[in-house]
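Number of protein chains: 2
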Amino acid sequence: MRATLLHQAGDVRVADVADPKVQQPTDAVVRIVLGCICGSDLWPYKSQPFTEHPRQMGHEFVGVVEETGPQVATVKPGDLVVAPFTYSDGTCEYCRAGLHTSCEHGGPWGVNGVDGGQGQAARVPYADGTLVKLPVGEDSGLLPDLLTLSDVLCTGYHAARTAGVRAGESVTVIGDGAVGLSAVIAAKLLGAGVPHAGGQGRIVLMGRHTARTDLGREFGATDVVTARGEEGVAAVRELTGGHGTPRVLECVGLKDALVQAAGVVRDGGTISRVGAPQYSEVPLGFPEFLRNITLTGGVAPARAYIDELMPHILDGSIRPGRVFDRTVPLEDVAEGYRLMNDREALKVVVRP
Amino acid sequence: MRATLLHQAGDVRVADVADPKVQQPTDAVVRIVLGCICGSDLWPYKSQPFTEHPRQMGHEFVGVVEETGPQVATVKPGDLVVAPFTYSDGTCEYCRAGLHTSCEHGGPWGVNGVDGGQGQAARVPYADGTLVKLPVGEDSGLLPDLLTLSDVLCTGYHAARTAGVRAGESVTVIGDGAVGLSAVIAAKLLGAGVPHAGGQGRIVLMGRHTARTDLGREFGATDVVTARGEEGVAAVRELTGGHGTPRVLECVGLKDALVQAAGVVRDGGTISRVGAPQYSEVPLGFPEFLRNITLTGGVAPARAYIDELMPHILDGSIRPGRVFDRTVPLEDVAEGYRLMNDREALKVVVRP
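In order, the protein sequences belong to chains A and B.
Quick note on the numbering used here: the first sequence kicks off at 1 and runs consecutively.
Quick note on the numbering used here: the second sequence kicks off at 1 and runs consecutively.
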């Protein structure tokens, strides 16, 4: 089959790789219908040294089950399914606690003999624990929306959930990428952005790209702050009566974004980070200790949220697939990377 | 009156200062019956440069109200009271939310014309918002226990509460100082340390001073780990089935203690820090992001917890005053500092 390989920074190619096969009784093989490129794919795309053993890229996909091992019970050939961005056994104590990303048998796509999501097909370990059946057909117009359940929508939702967003509260979302925009959707779903029980109910989106922040407004942001750094912090504080917001969703992954988060969070409030950290230490020292700032979040256990979020997509109340603004055929995946890396595209669908 | 002044590192003296007087209608003047020395007093004791304007030291005291301003309604002359380690108005939105340490009109003792707690008396701003009446006499044997409501017990409790300690859970407490031992009391109060609903219910105390860890066992610790660093982490993991504990109470304030906390916390778990940070950045980068580790805690809003904790002292179910192992008269306060700094005493009462 054809799949996407990253050889080194800037050098992404589609090549022939071995066809996936059921290897374990708990495996399934899925023919991929839609994949996409993630903001986190851009970090290796920008920085990976040359390797003679390029990994298969991609960790988000919707597809049709082609074959299942004898122990697979919850999906069968012909089912349309979505895969979260890590596979997981669904039975260990972490999975039972909803932390599928710490699964004792789980792991990421594209390494250790497991395929990536930017290809024609994938072997799915622990198919029962990993895959979720979609109650629509392969030709459904909702497929891009349902594809966001793989990662980006669940990641935004993880930010909002772990931050403890509640009805009527004000929230600041830092970053207008696809995760930030998904965090706006999530904050709105949890009742932020609407005054309630004395709360101001603002969703402040911090970002500089008008097309993206415009989409953020449609998703539920009540305010957009384009300034960054101290100026941006001052603007958010002015919007929120001087004190900042009790919840801040950090959707970038850079230290500057964390500093900004600490600046806009209200005393006693919570910063949830879901941007993959490009830093090794968190700038929360004595001043933030005195202000009782909490840092939470982390990599999203997407599998834990799919069942909960899917109905909102199926009934049309949210349209997270609007973060996809371009589609490329698999053979042109390199162009998709270029578009995202050059910020010409927000998020790119890859169609095998 | 006589009060404790810190002139520079290692140079603490008792000197005459102006007698406190009611200055604002919301003030009270309190004659101090018992004060004490805090671990956090040792940081300036170790490091403060020479100053011509030495500050009054001490922020924990029990005393008798001598005079009140005309707007003070909740305490009256003759009342025995405890003061939390910051004063607060009790009415602003932070105080109403239980975050008295962020009070819009509050502040620390010993600066800005407010007296310290290691002296004969203190002017108390916002007496209604700050002081809590004690239902015992000045000669009660419970006074040392009630004095811990000023800071150390509430600080340990803040760690346990913000970490979200629940019945049956396992908790690691890092640090066998007075705060760490108070955190053990607090974890036990919240139901840790006893198997419940499938939880192992361990309270693991990490510390190296046998007299202190012995007291920790009496307070409720089920296990003591004397090793530090990687060896200590391995020991805690071995005690807890390999995964560590879901709650970790960091009662030291050094970066090494945070690294240790990250090592012993279970994936998806929470580290609460209540040791005053002697660092500017927190070592929680990509690995801890992947493990969904939360960092919470901060300076304890002691005032918020006094009403809740006092009954446990009055009925004798907890004896937090056992952290005091020495008493010095006010004139010998310098010896009290030396004893604590040299680790000859755990925590020292100062009796004016």
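Just so you know, the hints here were simulated from the structure itself, not pulled from any lab data.
Careful, some of the hints might be misleading.
[As the list claims (entries may be wrong)] Below, in silico cross-link-like pairs of lysine to aspartate or glutamate (EDC-like), each with a Cα-Cα straight-line distance of 20 Å or less:
#1 255/A x 281/B
#2 133/A x 79/A
#3 255/B x 281/A
#4 76/A x 93/A
#5 76/B x 138/B
#6 255/A x 281/A
[As the list claims (entries may be wrong)] The calculated label-pair distances, taken between Cβ atoms and stated as ranges, are:
#7 230/A x 91/B: 28 to 34 Å
#8 343/B x 11/A: 33 to 39 Å
#9 16/A x 287/B: 54 to 60 Å
#10 91/B x 308/A: 38 to 44 Å
#11 287/B x 78/A: 37 to 43 Å
Each residue gets a CB set at the ideal place from its N, CA and C atoms; glycine is no exception.
Cross-check of the supplied hints:
no. : hint                     : verdict
1   : 255/A x 281/B            : holds (11 Å)
2   : 133/A x 79/A             : holds (7 Å)
3   : 255/B x 281/A            : holds (11 Å)
4   : 76/A x 93/A              : violated (26 Å)
5   : 76/B x 138/B             : holds (15 Å)
6   : 255/A x 281/A            : holds (8 Å)
7   : 230/A x 91/B: 28 to 34 Å : holds (31 Å)
8   : 343/B x 11/A: 33 to 39 Å : violated (59 Å)
9   : 16/A x 287/B: 54 to 60 Å : violated (35 Å)
10  : 91/B x 308/A: 38 to 44 Å : holds (40 Å)
11  : 287/B x 78/A: 37 to 43 Å : holds (40 Å)
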